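Top line first, the protein sequences correspond to chains R and U.
For the first sequence, the numbering used here assigns the number -11 to the initial residue and increments by one for each residue that follows.
For the second sequence, the numbering used here assigns the number 2 to the initial residue and increments by one for each residue that follows.
Don't read these hints as lab results, they were simulated from the structure.
Values in this document were obtained by computation on a predicted structure and should not be read as measured data.
A portion of the hints provided could be inaccurate.
What the hints assert, rightly or not - Listed below are the simulated DSS-like cross-link pairs for lysine-lysine, each with C-alpha atoms no more than 30 Å apart in a straight line:
#1 K17(R) <-> K46(R)
#2 K32(R) <-> K57(U)
#3 K95(R) <-> K48(U)
#4 K53(U) <-> K24(R)
#5 K32(R) <-> K48(U)
#6 K32(R) <-> K66(R)
#7 K24(R) <-> K46(R)
#8 K3(U) <-> K57(U)
Now for the letters of each chain:
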Amino acid sequence: MKSHMDELAEIPLTETTYFILLSLSPRPKYGYAIMKDVQVLSDKRVSLSTGTLYGALKRLLDQGWITRSDDPEGAARKRKVYTLTEHGRRVLKAEIARLQNLVSGAKLRVAEEYGG
Amino acid sequence: MKLALRVINALYRGLLRFYPRRIRADFGTEMQQVFSDAAVEASRHGKLAMAKTILKELHDFPFLALQWHWQEMRQKFVLPAHEKDIPMNAEQQPSTPAATLVEVAVGMLPFLFFGLVLIGNELPREWNMPGWLDSVGRTVFFLLLLLPAIGFAAAWVRNFPRWSYPYVAMAFVMAVFQQTAATPGLNLFGYPIFGRELWGWRAWIPLGAAFLVALAVSRSLKPAVRFFTNLWQDWSIPSYLMAGLLPLIVAGAFDEMDRLYSLYFMVPFAVLLVGMVNFYLRGHQAWQRVLALTAGCLIILAATALGTNSYWLAHNGMSAAGARRTLNLAVIIALIMLLPAWLELLRRSVKRVRAI
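Just chain U, with the same shape it has in the complex (with noise of 0.2 Å):
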């Protein structure tokens, strides 16, 4: 019988391991102790005895393994960081830390890149500027797809930081836009680019290569479910998320205009966005960041469509129902790209009234 208790409580140290590593850490000898105990017990009973305390350890064991790896995902990734199992103040207002100056800088580069670029699109080719700006002029085009994709790489290697999610916006648009594209006369230092044909699946070389340096630096899948949890976690960052898009939102709006006309619009809004990132990424308390991304969004969409308007109105002779569709669609990108955040801090509300 010696033999026999032995080998059941070898077989039971085996099924404490499906447990998380958490609960066995606290709670694993114990469970291993009153198990002994109970399995002693039962050998003085007989076997049939002994049957049935191990039968009834099975019998429960898938159910609690599958409950206690449930509740350990939902301490990790789903429960926001106040909700854990870290002692806190209930008077105390979750507030996030604020990033850092090389996350900021980092945050705006896309926005900033995209910015300059806007701007350099709407220099009219009047003034006459020399050939070399041309030169990189074309060649910048080539970072519009680079720098989010390599932003997209850092963000998986760094476990995707809030600075992460509009360069991960801007790589996947770009690649879907670019992928139904052709740039006949482009080049890059020279060398022309598919010519006439469409980009096709090569739109998305640079982000699979990305994804492939990721993967290869990380050598995890983890990054994947934080990019979800925290998108759960805090439903601003999916605003932010959509605030990347914004520039070539912009982009498409004044394509086709008098380039000096454009102009006066890529300025501020190169300046615009790039304060919104500021304000959005150093902000400590979930309200600053809201409204960071509030005015940010607002004004761009609004001085978009209003310009937009008034630009065809007085050009195209735009119809007064073509110009009401145009301040539609500005409000329902708007709803659609703030409605994450505000719900946030409804969220937020409810949970303070909550505590209380």
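Only chain R is shown next, with the shape it has when bound in the complex (with noise of 0.2 Å):
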């Protein structure tokens, strides 16, 4: 069983790395919705080939944070679904956290800067 502490380890996280667990995080996807997924939530800005892709899927493998499946849905193109462990959701929400802690950090100094 893996500690707070062993997510407080694994962060931060890569840009990749955060946008393919963000694009789990709702339910398991393929990997081409994947691509698209993380291409909307980065507003553009990260767009991965596909040999990144899987590069970053077979390590978040190999560390225990996505497990893959036979898609159900896509059963005559043999798809494979990718979905969010445990263990991946807490450092996806350890990495949020962080995340939220720099910007709640950042807008109290605007504010005392600005007066906002």
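Combine the two chains into a complex, taking the hints into account.
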């Protein structure tokens, strides 16, 4: 059983990892859906190649942050879907909390300086 | 556009062939499918979008291919067995299967052979050995060159198992030593060999021939990679390799001494060497193997230093400084030989603590 400290040790995440995990947080997705979702979530700033996407997915599978299974909806194309594991979800939450802290700190400073 | 898509997909399929086989087996079909989907989507937005999709793949491809090949190589060769993708209970102590009886016997063979040669050389001439025994003794000298070379060839073909490393050390050092030596009076079945000439490059013939035979049989240079990865995966192996030089060190140290005096050392040394190999190769755990090497090397080197010092102090009036130098040399040799094995124990302890 991994502890909260383990998740803290695994952040900060790279942008690619963060967006892939974020893309998988509402529901399992297959490769191309993740690729498109990452583009939407990053406002078209992060555009993954197939190689980069699968390199990242393989690493996340090795780390146990996601799992891979047959897609029941895409059975005809033998598609695989990727699902966030509990541990992966905790890492994502820890990263979001870290980013929120960064942003709230910045907001505070902006409010002080510009009297917002 | 359909033709263009077909061509692009075929090109991508070709690109995938540059990724490691295992990656292709795991993700190849999926990657092809995703690329195909992305290309179809891009084709709806025109040629520029299509070009961007292809360029994106080409841009990332070299780095990713290298990265994945590196990871595969690491999995295959560099990572110790207990860190590979094989499911394993974390609480389990990584242990290595002990050598089979045949492997132990083959591993002992050069030490036993050298031991017998050392004993044979120290038999006093006054004991009036039969003439044929003397001929056997001379012929056996050639086997000292041949046996390690044959062992080297077998080791290469068998992908350098643990037992084979002393053969490698012996084969190389014997060739280096013999290169600058002449063997006047030495004959093989009555035929003189090179007379007073130095052996020179001819000393490398047995090892060179063994290498060519091994290469012809295995048709691969991969055993050479395996040789070094084994050394990296288990640091007791470099120590074991160097322990293969113990018989030569002992032979050099006891040269020019009263034969009966040396004989008293050579008999226990031969037994110790064979015992060390037996315990090293049969040990399941790293500490058992390191203990076998440590005990064998330390006893032999300490006895060699003390034995030579006592002899030369009594017969040659060796100075105290000379005796100290001999002892220091023995300590340095022991440290060089055993340090990798001790570091292996330390490395395993650190890994065990980290796993907890």
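Hints, one by one, checked against the model:
1. K17(R) <-> K46(R): 15 Å, holds
2. K32(R) <-> K57(U): Answer holds: K32(R) to K57(U) is near 14 Å, not above 30 Å.
3. K95(R) <-> K48(U): Cα-Cα ~43 Å, so violated.
4. K53(U) <-> K24(R): 15 Å, holds
5. K32(R) <-> K48(U): Distance ~19 Å between K32(R) and K48(U) Cα, so the pair holds.
6. K32(R) <-> K66(R): 28 Å, holds
7. K24(R) <-> K46(R): 18 Å, holds
8. K3(U) <-> K57(U): 21 Å, holds
The structure shown violates just one earlier hint, number 3.
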